[in-house]
Structures are given as structure tokens and as C-alpha cells.
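There are 4 protein chains.
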Amino acid sequence: MSKKIRLGILGGGGNSLVGILHRIAAKMHDKYDIVGGVFSRDWDSNIEFANEIGISSRRVYADYEIMIKEELKLPQDQRMQAVSILTPNFLHYSMAKRLLENNFSVICEKPLTTTYEEAKELRSLVDKSGLIFAVTYTYTGYPMIRKMREMISQDAIGEVQKVDAQYYQGWINPIIHSSETRMDTWRLDPKKSGVSCCIGDIGTHAFDMLEYLTQLTIDKVLADLNYLYDDNKMDIDGSILIRCTNGVKGIIRASQIATGENNNFAVMIYGKKGGLKWEQENPRVLYFMQEGKEVQILKSENIDTDLLTEDAKLPPGHPDEIFDAMANIYKGAAKAINHQEYDPGEFPAIIDGVRGMNFIESVVESHKKGNVWITIDNK
Amino acid sequence: MSKKIRLGILGGGGNSLVGILHRIAAKMHDKYDIVGGVFSRDWDSNIEFANEIGISSRRVYADYEIMIKEELKLPQDQRMQAVSILTPNFLHYSMAKRLLENNFSVICEKPLTTTYEEAKELRSLVDKSGLIFAVTYTYTGYPMIRKMREMISQDAIGEVQKVDAQYYQGWINPIIHSSETRMDTWRLDPKKSGVSCCIGDIGTHAFDMLEYLTQLTIDKVLADLNYLYDDNKMDIDGSILIRCTNGVKGIIRASQIATGENNNFAVMIYGKKGGLKWEQENPRVLYFMQEGKEVQILKSENIDTDLLTEDAKLPPGHPDEIFDAMANIYKGAAKAINHQEYDPGEFPAIIDGVRGMNFIESVVESHKKGNVWITIDNK
Amino acid sequence: MSKKIRLGILGGGGNSLVGILHRIAAKMHDKYDIVGGVFSRDWDSNIEFANEIGISSRRVYADYEIMIKEELKLPQDQRMQAVSILTPNFLHYSMAKRLLENNFSVICEKPLTTTYEEAKELRSLVDKSGLIFAVTYTYTGYPMIRKMREMISQDAIGEVQKVDAQYYQGWINPIIHSSETRMDTWRLDPKKSGVSCCIGDIGTHAFDMLEYLTQLTIDKVLADLNYLYDDNKMDIDGSILIRCTNGVKGIIRASQIATGENNNFAVMIYGKKGGLKWEQENPRVLYFMQEGKEVQILKSENIDTDLLTEDAKLPPGHPDEIFDAMANIYKGAAKAINHQEYDPGEFPAIIDGVRGMNFIESVVESHKKGNVWITIDNK
Amino acid sequence: MSKKIRLGILGGGGNSLVGILHRIAAKMHDKYDIVGGVFSRDWDSNIEFANEIGISSRRVYADYEIMIKEELKLPQDQRMQAVSILTPNFLHYSMAKRLLENNFSVICEKPLTTTYEEAKELRSLVDKSGLIFAVTYTYTGYPMIRKMREMISQDAIGEVQKVDAQYYQGWINPIIHSSETRMDTWRLDPKKSGVSCCIGDIGTHAFDMLEYLTQLTIDKVLADLNYLYDDNKMDIDGSILIRCTNGVKGIIRASQIATGENNNFAVMIYGKKGGLKWEQENPRVLYFMQEGKEVQILKSENIDTDLLTEDAKLPPGHPDEIFDAMANIYKGAAKAINHQEYDPGEFPAIIDGVRGMNFIESVVESHKKGNVWITIDNK
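Chains as they are written, first to last, in the working numbering: chain A, 1 to 379; chain B, 1 to 379; chain C, 1 to 379; chain D, 1 to 379.
So here's chain A without its partners, still in its complex pose (with noise of 0.2 Å):
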């Protein structure tokens, strides 16, 4: 009866945050039914969870093996058309692999893998299969994201002559300074999290905004990366100079030591006829300014953009955020799930993810090589 896609789910149990982001976004266009998955390794925990948030005790699974191999017994018309992975970074590449092998699509959290190797496996899995792959870098779903995106492309601020992006965090501060405490945490070991630590879990995030927000190509990168401690493998802040294809340059600035930040991700993009503004703390706001204007402050409530026409969410005047911006991921992927073709500015696809592995290597590499410009292959 229902037409909605039957989207499984992989992790995401308990009060896991990111777990609730995607449940309420896959349910907020009415597009998905979550109809099964695995939400815990503990058997108990996983089918308490399933009950508890409305979905059969005959779809819940103890792995993901047991979960592609039991959903390819059911009719075609019964089996999950696609799977959204939402466990630890390292667990990715393998559970998508299996995923795309089997004709499942995947909505991935990102970063895509732990490195550019494996992403770039991913993706000639799915380029040869033609499934479905979205990366959710959750923050180019944002209404206003997509409203600067149409504005740039339809030449508002004239050619782009400089970008920025900022993302500060403060959380890693309080595990720094010990070296137990830094010993402890995953995100800082190199087995369980890759080469990076803020570069991977944040400033891939603007690398891949600058991209989008521009539609440039950012081909070099030139990185001085922050450990603090001898004894700590992982970068936890980092500056990165940026140059495009094109010539444009600009910076990359991420940290996880700027103490007392939450979340604070900005982005501007200057032009040769004026610059935007935009920042997650504050993200139904864009500022518009022109040569020789006043500065104007466009509100989500009133945009119209292209990218988010089937349905407006939010009532008039009423705060936009988070949900609607994965939401509107979600969106874009039932959309090509649906019709097999899409708009690259409706959600990041695997192509996003893979060019985050590679940015996170590179900018490994290029502090490592003493500061030094290294090239990002953009193929």
C-alpha cells in the first residue's frame, strides 16, 4: 500500500544522537518506512530498541551479514531498497561494500571510510552498479546552504575571488591535556579513527561546503597541523591554505582546542560583485552583501530556491535547523532511489566522499612533508 522507500538501519541504538537525527529525517517527508536493521550488538538491547521505536521483532538482525542475506529471501517488494549506515567510522567501508555487492542502496555517514583507498573502491562499485550512494555531510542539506549554493551559481556575488571556512570546536580540550585521558579516546587513535582526527571528523566538512557552496574544485592544499603533544598521534586543530583549480584561494581552518566553542561553523565566499555569509549556530540567517549596498539579511522562512521545492517544512518565521537538514538529504536520496537520477546539489553522493578521503590524506601529507603544497587528484 504504502509507496515510501523501506530504508533498513545500520547502528543508531539507544539515545544515539546521530540514530535519532536519521529517524526523524527519513520519517519527515513521509518518504521512508524504517521497516528493520541492527541497532546493537547485544541481542536484548537491539530488539528492545526495534520495539521501542515501532519496527518488527522479524526485521531486526544480529549483524549485517545475517541482515543482507535474510532481507534477500523476501519478495522484491518486501526487501529494504536501502540501508543507512551509522556505526563507528571503520566499520563503514566494509558494511557499504557488502551493501552495494548485494544491490542495496546506502545513505553513509560520513567520512565515507578511513582512507582514500577504500573510498575510491566504493565508488567504482557503485559507478558499476548504478545503486544509490549518498554521504551525509549533513550540513549542506541546510536551507539556507542551498540558497547560497543558487545564489553563487546565479552569479549574485559575481566570480568567486575568496573563500573561508571556519569550523571551531572545543570538546577535545578537556582530554588533551591528560595523557591517560588522551590515550583513552578513539576519535585520537589512528586504529579506530584513520590518519586524522579534527581534519577528518570536521574540516572534511568544509572542505566538502567550500565545494559544494562554490562548485570549484579544490586541487591544493598546503597544512600545518596541531598535536599539542608529542605522544598524541592525531591532529586536533589545523590551518590549511587552499587553492582551486581555477586560481581562487582561500583557508580551511578547523580545531577541536578552541575551548568553550560548540559547534561553530562558518563559512564566507567573497565575489567580485559581493560576499556571503553563513554560520551554523545561527543557520536560518544568510548575509548578502553587495558593493555598495546595505548588507541584507535573507531569512530560511521567506527563500524559494530550486533545491528544496517539492515541499517547504517550517512554518513562516519559525527557526529552521539540523532535521531539516539532514531531511533534506534524505529527500534527494528517495528521489533517486525512486528515479535513478538526481541533481548533484540535492545530496552528497559518493563522489563527495571519496574527495573527502582524499582532502584528509593529503592534508596529512602536506604537514608531514614539512608545510608543503600537495596536490589533490580530482579524478
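Hint data in this document are derived by calculation from the structure and do not stem from the laboratory.
Be aware that a few hints might be false.
To be verified - Derived lysine to aspartate or glutamate pairs resembling EDC-like cross-links, with alpha carbons at most 20 Å apart:
no.	chain 1	residue 1	chain 2	residue 2
1	C	Lys299	A	Glu291
2	A	Lys97	A	Glu70
3	C	Lys272	B	Glu180
4	A	Lys299	B	Asp155
5	A	Lys249	A	Glu159
6	D	Lys191	D	Asp219
7	B	Lys273	B	Asp155
8	A	Lys293	C	Asp42
9	C	Lys335	D	Glu52
10	D	Lys249	A	Asp230
11	D	Lys293	A	Glu281
12	C	Lys249	B	Glu150
13	D	Lys368	D	Asp189
14	D	Lys293	B	Glu180
15	D	Lys120	D	Glu101
16	B	Lys3	A	Glu52
17	B	Lys3	A	Asp44
18	A	Lys272	D	Asp230
A quick note: this is a predicted structure, and the numbers were derived from the prediction, not measured.
Position chains B, C and D relative to chain A; hints supplied.
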């Protein structure tokens, strides 16, 4: 299998914003299953919309009387337990009355009814039946509003000595200046909207908010309303001097001719030790001023309040908002429906709806009698 | 040699903030020479202070009567042309009266006098003599306020339909709750401060500002004042419903018990086409809202208004402020003193001082008669 | 009679903003008498302007050499004690040199000179003579900046671990895109402006500010500058990675092509216990973030710092600003001139000017050598 509350919905079909808001809020804490309802007077639209949001055609009904009759035929463990009323104001009373008479709990949009008399009648039905009745003064569900209430009750600002609430919108400005358009607007038609436009629609939120935050009882009003044109029968702006039973003075200001404003709802509460300020257009921030100290900015990602205990829904550093607000009200109502008991801070109940109607009628009376004090009866 | 106006000053010695403000403002546009005055009742302090600020001992006087007598002995081209009165309120009247009678122009701090009767008497002296009399409602000198007045007069927001002025401070809170301290405060002593504390001190600024900005005449007030304690004879908070001669309604809100507020003076003017908002604590920014358009942020460094024509004093991108505001008033007064003519937008004149006193007395009368409408006489 | 410092001024005539700023600042704390100077190369304008600002024609001079010669003829108690240099950059060096050689203290606009060599030469003259030399990096005079320095030195945020300074303007955007206008702009002409446009003009402020606030010494820079066009010889934008002697890393970002920005200078300092943020466009507010606590808003009207001890100049609740900032620098210099001693936090001295020149040249060298690390010599 599911332990969720079985919820029916009256109204809110199509692109109705209030419909979207209630559906998301109901799903957000995984406490409700939307099982059926009446979404449109047109049968095809009704069915189509229901299917679109994943509701079985079997429980889509032609009107609320049929819904009540058919639901009563279902076994108790399948029957709707609660019904949300999202229809135009003038239908609230008759729907709520019939639902209460047939043992359904009710979640009703504000204003509760079109007259104080009707409101009192509903209240006596609630009192007799022991059913749960929530009135969705949504704004009291905002995390920072709940924090603010808690702080005031815990003496953070000392004894309250002055209150001020502002609710400024400009939406009626393009309508009000032409006699043609103002005649055509249902909100300006006393037959459809009751005795008041501006005070009934938004002044009542300000009134409810001040009582919610301070736990004081406002018992006197002196109002000067504004109609702008002689042939306009409904207030579109008003300033209301208020007094509480304990002597505290204050003011409520509401306008729909504050040209350029979207939804500028703000409250300021001052006590002997400090003050608190909140603005709906930036709802995740609370300004806490203390005598002789620096102003503090409380952010919703960091707060902890008993009125939000069960689940924090938002990742740190991400903006809260209206979904959260409405979801908190639904969560409070769910607790009450399941356990037949609740903390009065958890959701606005029938008494708040009744007081709202009393406030509206008292304000209009004050104005019409020449801006004199009118006592709100506090039974 | 110098063509500057020879200015005398009464009061403002020592660390008096109002003294510093007037002296800097007088110097800022290079239009005045401060040549003498009375700075302290104590002779040694008087002389010492004068020398410190570079004034010759010869023109330091023991009191204002001696000053007038001695200055009259000087040749006309050396004699003071204007005198600034910065003494406590209750001395304004007698000083201003004697100065006007002896042919000195006057720049007087607000409130003009302690009663409306005295104010009218000064006005008739001004009218007879043709002398210049400025009342330093400083806030009307802010560049953005002048811009706002000009925009309103040039129809930027259309016909005004609603006005709202807020002036919230918290300074009296630590004083008011102890009967001892409240008895000891000169502002709460009717003998020293006249009939009103809060309305006389700050409400009057709000009144003057609304008339300045809109060029409307407020002619009716209905006030509810707050004294908090029975033995407190002076209002410390009040809300005042207002009506203008053309029927426009609005509100003035003033408080000295808004605990935690410093000097939160804000005005909102709404018209048929748009709205304008300004806040004293962020004075270089003006919010311009237009029906159906983006909000515009006007910044003082970019403005151009006839009321500021002669010289822009601030580098682009640097904050304006209170010195600029006062200096603009001094500049306007200088133009009037030199040419005996002026634009009423350039500085607040005797009529504004008179109206202020009338407003204060009307407000107190409205409150004392039971919150009824009182007409301000507009002669 | 007056004990004020006798000040001469070179430049700043007519409507020059920098002239107005220095004159008001010099007068603000009643510490200086402006007794003469050279205000224009045109003799008539020179005299006329001097008279307009109340300076006797006797001490208006045709050029600075004549001024020095004539002033030396006056008795020591009438002779200028200090001279402010407000002329174009390329004249600073020769004027300052001659003034120092003839025993005048100097207050000089930044940048100190056009080359590091010249700057060092001036420094050695200062060192030999014992004269006072202030460089007006005005922004370090802001009350909140002084408070910020004091807080950092008193361990409010713990050991500094990251610094970030941004100085974004857009003024060169309308000039830079036409080869005609960019050839005609003196700031883009190396002969008139030295080796750098953007870094020399504003990057140097950011550098000075970081050192002022943290009392750390920046000793390494890696810069990527932006010229936009091949025929443009001067940087108009740049990002600079920095390292301090104690290992702290950070970044300086400066731009004159940030289209739409006025004077967006901002600094963020993060330590082990908290962070501090300040923005020049809202200079009276300081954001103080502490690990695990609410953000505090410090306002200048409430602050108390040793670096502002003598006089508070502003009434509570009124905006501070650039006059105050410059006046604080003049006040500090006055104290030094009178007593030949000073706290290095009170005004920027010759060493700061020298370091600024060194910074500029190091940045340009880093860029030209291919974005490599250059060490600033810290002698």
C-alpha cells in the same frame, strides 16, 4: 507489538504546515503511531494524502462523526487513544466535545474554542471524564522556555517584579489597507474567528507564556486595541497593561501590523536578583542577567532541565527549534495518556486553553468599555 | 582670531561623566572654545579643575550669578555667548532664567526643569529674547537616529501606523528593596527630583525620541506606574499607552527595575510600507524592514543624511557613539547661535524641553487618577 | 598655567579622518594642548585650517624642517614636546628621524616606515635619546582589548594554545578589477606604499594585536598572498600561518577583496581553560568562554582594568569606540612623556612599529619564496 499511543488526526492534510509540524512532533520521541483520521473534506484527497503519509485506507474517514463511530467498533487495543484537532478554530469545540464524550483524549490546536463559554464547557467534560486534553501552545515546549520556567521557579532571578511580552508580526499589513481584501480574510471575519484577530491569534500565546514562565496568575487587563479602519471589526494590534494576583505589573504587546516582522515573539522577565530574556526567532539562546555580574548566554545544547529529562534530541551545538518544541508537548501528553498523571509544566492543558479564551474576551471588553481594567475570573 | 563660539559651563567638574561628554562634544567639531564657568562649589576644586582642563583662572567663578555679572563687564567679543547647564535638575530653572534674562544662549541638560510651569516660563523668555536654547536629549543626535528621522520623513516606511519605545535599566534594583537606601536616594526624593523618577529621567527620552523620529505629536497618555513599595513616593517603572493627534497608537515602556539591564533604549516604528528598529546599545546599526523584501542593515559609516551634512567625523567601519551624538547637538546649536536660524531636526530646542515636562506631569496624573487618558496640551 | 603637553601635528588637515581622530583623542583626557604644526602643503589652506581649529597662525609652519627650526628657538617651556605624524607612510621615516634628532617625542601613525631597515634606524635613535615614541596601532587602545590582555595575563583562559586574527575589508574590490584604476591607486604603487598593500596596511594590525593580547612573540610566518592580476605588484589579500616562540600555532587572515566587508577585524584567543573573542565592529563587547560554563558577555561599561585606571570616560551603558581607543593611546603616551616611564600595555611603542615592519617583509618573503617558513628576527 508496538507500545506506542494510537493517534488519530483531524485536519492538517496536503501541504498544511501545522499538519507537518504535528506529525513530525508525534513521531519524534517514538511515542505515537498515527493510525488514521480525516485529512480533507474531499474524499479522493483524503485517501491519497493518507496513503502518502503511510496510513492504511481502512482508517481514513469521511468526517469526525464517522471516525468516532467506526473507531468505537474496534477492539480497545486497536482503537485510537488520542486525537489531534488541527482544523480551523470554529470547529475545535464541536470536535473536542464529541471526542471527549466518547472517551478519546484530545490534543487540540489553540485557540481552544471561539468563546469562553465553550471553553468552560469542554473543561467540565475533561474534569468529569479524567481524559487528557492538551492545547498546543507550542512555544512553551521550547527547551529554553522550559529551562527559563525552571530557573524562575528555582529562584535564579529572585521574586519576579516586572514582566513584558511582545508578539509582533506584519502579515496583515498587505491585507488591511484595502477594504476589499480585509473583507475577504477569514481571520477578520467575526463569524469565523470569534471576537478577536490579533489577541486571539498571538496575544493569547503571550498571555499563556507569561503565566507558564512565572507561574503567576494574571488577573487584570487594561487594553487599547487597534482596528485601523472603521469597517474593520477585528483587532489587528493591541497593547495590554496587566496585573497579577500578587501585584506584579507588566505588559503584553501584540501586533499584526508591525510591517516587516515575521514572528517576533519575545519575553522578558525581571526579578529582584536578575532578569531573563528569550526571543523566538533565536530560540536556542537564553540571556541571563544577574545583578552586578556579566550577562550569561545559555545555549540549549548545554541545558539540563527536569522538564526535558527523558531524552535529549539534539546533538551539541546544533540549533533547536519548533519541532522540538511541539515534540516536547506531545511527549508530555504521551506520558499523561499512558499514566494519567503529569507535571503541569510538561504540556499546556485544558485549563490553559480556558484561561486563554477568558483572556481574549476580557481584553476585548476592556477596550470596548473605554480602556478600563477588567478582571479575569480565575476559577 | 578664533571664530569659535565662546562657551561657559556650569557644573560637570571632577570625574562627572556628563561634564566629560559635553566638553568633548563641544570640541569635536571645532566650533566652541570653553572659556570659563563654575565647576564646583568648593573654590579650590573649582580652580584646580578649570586649570586641569586648560581654562584660565580669571574666568573661573564662584557661582553663576557672579559669572553673569563678570562676563557682562567684558567686551562683547570676549564675553561668553552660550552657557551649558550640567547641574542637578532642580537648579536648571533658576540658572537658565537668569542666563536668558542676561542675553546668553543656553545648552541645558534634560529634564529642562522640575515642573511644567517653570518650563513654560523659560519658553516665553526664549520666545521674547530670540536666544538659542538647546536641551540635550542626547540620543536624538545619534547619526542613525537622524538617518531614521529622515527616512521616515521621506516616506521610506510609508504612513506610520504603530510606534513602540522601550527604555529599560536596572540600576535602581539594588536600592529599591531596602527602605533605608530608598529613602537616601536623591532621585527618589520628590523635593530634589520633581514628581517622577523613572518617567522623568528616561521615559521622557522615549517620548522625545518618538516625536523626533516620526514628527507626530503625542497628545494622549494612559499610564500605569509602579512604585513597588508604599513608602516610595516616586515611580521606578511604568507602561504608558499613547495616542498621537493623527490617531496613531503606540506605547512607551520605561523601567529602572529591569534588573541586569544597563541602558536598553530601543525604538520601533512601523508604517504601511515597512519598519525601522534601532537599539542604543548597538547604535551604529539600523534595521530597515520592507514589506516583502529582505531586512536591510544600515550602518552609520555608510549613511548620508542632510542632518549630518557638514562633516563626517568617523572613519568608515568604525563604531559611532555617544560623543558623536552629543557633538551633533552641539554642532546644531552652534549653527543656530552663529546664524540665529536652524532646522528643527538639528538639535532639541526649548519646545522639546517644555513638552517633556508636560509629558511627565500628564503621565503621573494619568496614573494617579486610576489609569485614565490624559490629554497633553500642545501649545 | 596649563600643565598640558604641548603637541604639534604634521598632516591631518582638511576633512582628513585621521586628523580628526588624533585631535579629538589628544583632547579627550585633557592632557595635550595642540599648539601648532603643518596641516597642508598649500600655505593658504594650512593657515586657514589651523585657524579653524583654533591654532594661532604664529605656529603654523610651511614644512616640518621649518617647524623644527622655529620651535627650537622658543623657550623650552613653550616649545612643542611631542609631535604627531599623520602624513602618508613614505614620509614617516624622514620626519620621525629629524624630530628625534632634535629632541621631540613622536606619536606616529602606522606603519612606522616603509622598510624594516628604516624602522630599525628609528629605534636606535629612540634608544639613544630616551625620547618617547608611540605608534598608533589604534585598536590596542580599545577598553575591551585592554581588558582582554589583562584577563589573558591573569590566566583567565589558561595557557594560550591557539590564536586566530581576521582583518577583512572589501574596499579595494571596485578598484582592483580594472587595470586602469589599479595603476592609479597609491596603495598599489610600491614606490609610495612599500612592499605590501594588504599586509602592510591591515595584516600588521592583526600581528600587533595578537602579540599585544597574548604577550607571546610570533617568530615564524608562512604566507600565501594574493595579487589577483599579474600586473598588480602589491598583495591585496593573504593568509599567514604563524608560530610563536613557545610553539603556539595560529593564523592571520587579511583581505581587501572581501567584498562587502567594511572593517571586519576580529580576534579569537583560545587557552587551556577558555577562550576570548572580540570584534572591532562591535567593540564594547567581549565574549568569554570557559570550559563547561555559560558564555559570558563582558561589556565595556562594566569593566575595570589597570590599563584604564585614570579615568573612565563613558557613562554606563553607552557605546565605547575608536575615540576612546585612540585617546587611551594618547593618554599612555602623555604619561610616558611626563614621567619618562610607562607600562608596555599602555601604548604601542617603537619596538612594536619595528616588529610590524619586520613582519611585513617576512610575509612577503615567505610568499615570494614559494610559501615557506620565514623566521622573524626578535631582537
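Structure-based check of all given hints:
1. C:Lys299 with A:Glu291: Holds. C:Lys299 to A:Glu291 sits at ~14 Å (cutoff 20 Å).
2. A:Lys97 with A:Glu70: It holds: about 17 Å lies between the C-alpha atoms, which stays within 20 Å.
3. C:Lys272 with B:Glu180: The hint holds at about 17 Å.
4. A:Lys299 with B:Asp155: violated (36 Å)
5. A:Lys249 with A:Glu159: holds (13 Å)
6. D:Lys191 with D:Asp219: This hinted pair is violated, its Cα atoms lying about 28 Å apart.
7. B:Lys273 with B:Asp155: Answer holds: B:Lys273 to B:Asp155 is near 9 Å, not above 20 Å.
8. A:Lys293 with C:Asp42: With a Cα-Cα distance of about 55 Å, the restraint between A:Lys293 and C:Asp42 is violated, given a limit of 20 Å.
9. C:Lys335 with D:Glu52: holds (15 Å)
10. D:Lys249 with A:Asp230: Judged against 20 Å, a Cα distance of about 15 Å means the pair holds.
11. D:Lys293 with A:Glu281: OK: D:Lys293 and A:Glu281 at ~18 Å, within 20 Å.
12. C:Lys249 with B:Glu150: Violated: C:Lys249 and B:Glu150 sit about 36 Å apart, past 20 Å.
13. D:Lys368 with D:Asp189: holds (18 Å)
14. D:Lys293 with B:Glu180: violated (56 Å)
15. D:Lys120 with D:Glu101: holds (15 Å)
16. B:Lys3 with A:Glu52: holds (7 Å)
17. B:Lys3 with A:Asp44: It holds: about 17 Å lies between the C-alpha atoms, which stays within 20 Å.
18. A:Lys272 with D:Asp230: holds (17 Å)
Checked against the numbered hints listed earlier, the structure breaks hints 4, 6, 8, 12, 14; every other hint is satisfied.
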